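Asker: Each chain, written out:
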Amino acid sequence: MDLLVIALILAGLYMAWNIGANDLANAMGTSVGTGALTLKQVIIIAAVFEFLGAVLFGERVTTTIAKGIVPIDMISIVQPDIVVLGMLAAILAAGFWVTLATFYNLPVSTSHSIVGSVLGFGLIAAHNGIISFSDIHWGELTRIIASWFISPALGAVLAYLTFSVIRKLFLHRAKDLPLVEKKFISLQLITACYMAFAHGSNDVANAVGPLTAALKVMGVLGVEVPVWILVMGGLGMVIGMATWGYKVVETIGSKITELTPTRGFSAEFATASVVLFHSFSSLPISTTHTLVGSVIGVGLAGGIAAVDLRVIWKIISSWVATVPIAALTSALIFVGFEVIFL
Amino acid sequence: MKDYIRSVLDVVAESPFVPLEAHAKKGVLAVEKLAEAMEAYCAGNQAILEERTGEIDKLEHEADKLKQKIRAGIPSTVRLPVNKKDLLSFLKQQDSIADYAQAAAYWMTLRPCRTIPEEIKEGFLELMNTSLKTARLYNELAGELYKLLATSFSKEQIKETMTIIPEVEKLEHDVDVLETALLKKIFENEDAIGGSGVCHLIGLVERVGGIADKSASAADRLRTMILRR
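In the order they appear, the protein sequences are chains A and B. Heads up: the first sequence at position 27 corresponds to 27 in the working numbering, and the numbers run straight through without jumps. Heads up: the second sequence at position 209 corresponds to 209 in the working numbering, and the numbers run straight through without jumps.
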């Protein structure tokens, strides 16, 4: 079993690295694109605040991933061994799908992947008769999936309102427009911190949620999510940002030069607020998708010269594909493990 | 190189307003060259005329390419802060400025300036000069687009932009007056110029005057685009 724990930790770290390299970098890219921050500044801010968000506020979503979808406690009473295998299968499946998506530049969310793969394990457990199908927390799952639709929409509405207010109060009254934009650069420093904090609080769960569930069942952990697990997840994400994410930040920064500081501020403020609100509500959502919603919101408020709504279809199709694929892969890996280990 | 990222930030499409300004610049540059070509024509300098005509031709072609790029860049999924139809109809007028400059330059190369009286030459230079002024002012107007977008169409900025449009229209009217006066002079001198000469010069008046017409109607469409957001 010790070997399995090490495997789980490694898989969790890989997931954390991937989230840091991609999702965090996506969230921070806007700050570089507007010219508000340099690449170095962004990486430092992302590292510090991502870590703080994960450690100080990552527990709620982690709990949701660990036991909010599948009744892990119930399974562990009957057969504790399979929880560890199942969680390893889940994190491997999610990691595999996310890697594949990265390779093909698909806008797949790590949150959606991990929810799908944990669900896959729950379904196979139900199929094997360990729990009944009705024991899976369908209500919670519905809430989570609904939040995937609601969060980008909320981002859009909030960003629309934020930019409209900025436009009315500052842009339309500006005697010296460049000065107004310059002032928003310092505000963007704050929203960049806010963004990294919010992201860390929500996405650390994708890396350490399954790990937490497995370790709890093995009796390694008490009832609460221990800080060291969140610290580990936070570090993994920071390393991902530092080793690969900076390239992603650069790419995104160079793509969205259309965003001026006032626009960037509106989108970031809206995204971070929506993500943090969901962390508070224990709901795992996609920061990137919320950011897209927010950018669209600023665009519809007349802040951006051209927004391409084709992205919406890309996002929706990634939702539709991710959950079944992650669930199926997770179930298949689990079945393989069962044959090998049990 | 492949990025290996999962990003959906292509939500921010390329702005059509950047090439739109570049397109306006190509137009006015072609008219600047035409003014030089006109001077060369009246001075009987065929070599310079040919050279300028080649340059105008190149500018017109570049403007066309920009126009196509702008059109291709706004598929139905892209949302702009202005009405897309308005933008396209404004672009079409703006594109005609270079077209007219090109047509006028070509027209001059067809027939040398031999039997034209001095006062008519002066009339052409004046007409050309006023047309050029109109195109320049129009280009200034197109440059305001950037500020409109930056302030997200503030009332102040709209007002500032709107004050330029009547000035363009005023210049266009001046050109109309000059055109009529020049045509009158051409017919007064029809014996000296000859029938085919008259025919040629009328065509030239139309083409040079067309530049101001198109500048004014592009300005008008721009106004519609801004006000009908």
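Since the hints were made in silico from the structure, they are not lab data. Source: prediction; values computed, not measured. All residues carry an ideal CB built from backbone N, CA and C; glycine is no exception. Be a bit skeptical, because a hint or two may be false.
[Claimed, not checked] Here are the computed lysine to aspartate or glutamate pairs in the DMTMM-like style, where the Cα-Cα straight-line distance is at most 20 Å:
no., chain 1, residue 1, chain 2, residue 2
1, A, K168, B, D10
2, A, K175, B, D10
3, A, K255, B, E62
4, B, K147, A, D176
5, A, K175, B, E160
6, A, K314, B, D220
7, A, K175, B, E14
8, A, K168, B, E160
9, B, K170, B, D191
10, A, K255, B, E14
11, B, K155, A, D176
[Stated by the list, open to error] Some chain B residues close to chain A (C-beta under 10 Å, calculated; not the full set):
no., residue
12, V78
13, L80
14, P81
15, Q157
Asker: Work down the list of hints and note, for each, if the structure agrees.
Answerer: Hints versus structure:
no.	hint	verdict
1	A/K168 to B/D10	27 Å, violated
2	A/K175 to B/D10	32 Å, violated
3	A/K255 to B/E62	25 Å, violated
4	B/K147 to A/D176	11 Å, holds
5	A/K175 to B/E160	13 Å, holds
6	A/K314 to B/D220	39 Å, violated
7	A/K175 to B/E14	28 Å, violated
8	A/K168 to B/E160	18 Å, holds
9	B/K170 to B/D191	34 Å, violated
10	A/K255 to B/E14	9 Å, holds
11	B/K155 to A/D176	15 Å, holds
12	V78	5 Å, holds
13	L80	6 Å, holds
14	P81	4 Å, holds
15	Q157	8 Å, holds
Violated hints, listed in ascending order, are 1, 2, 3, 6, 7 and 9; each of the other numbered hints is respected by the structure.
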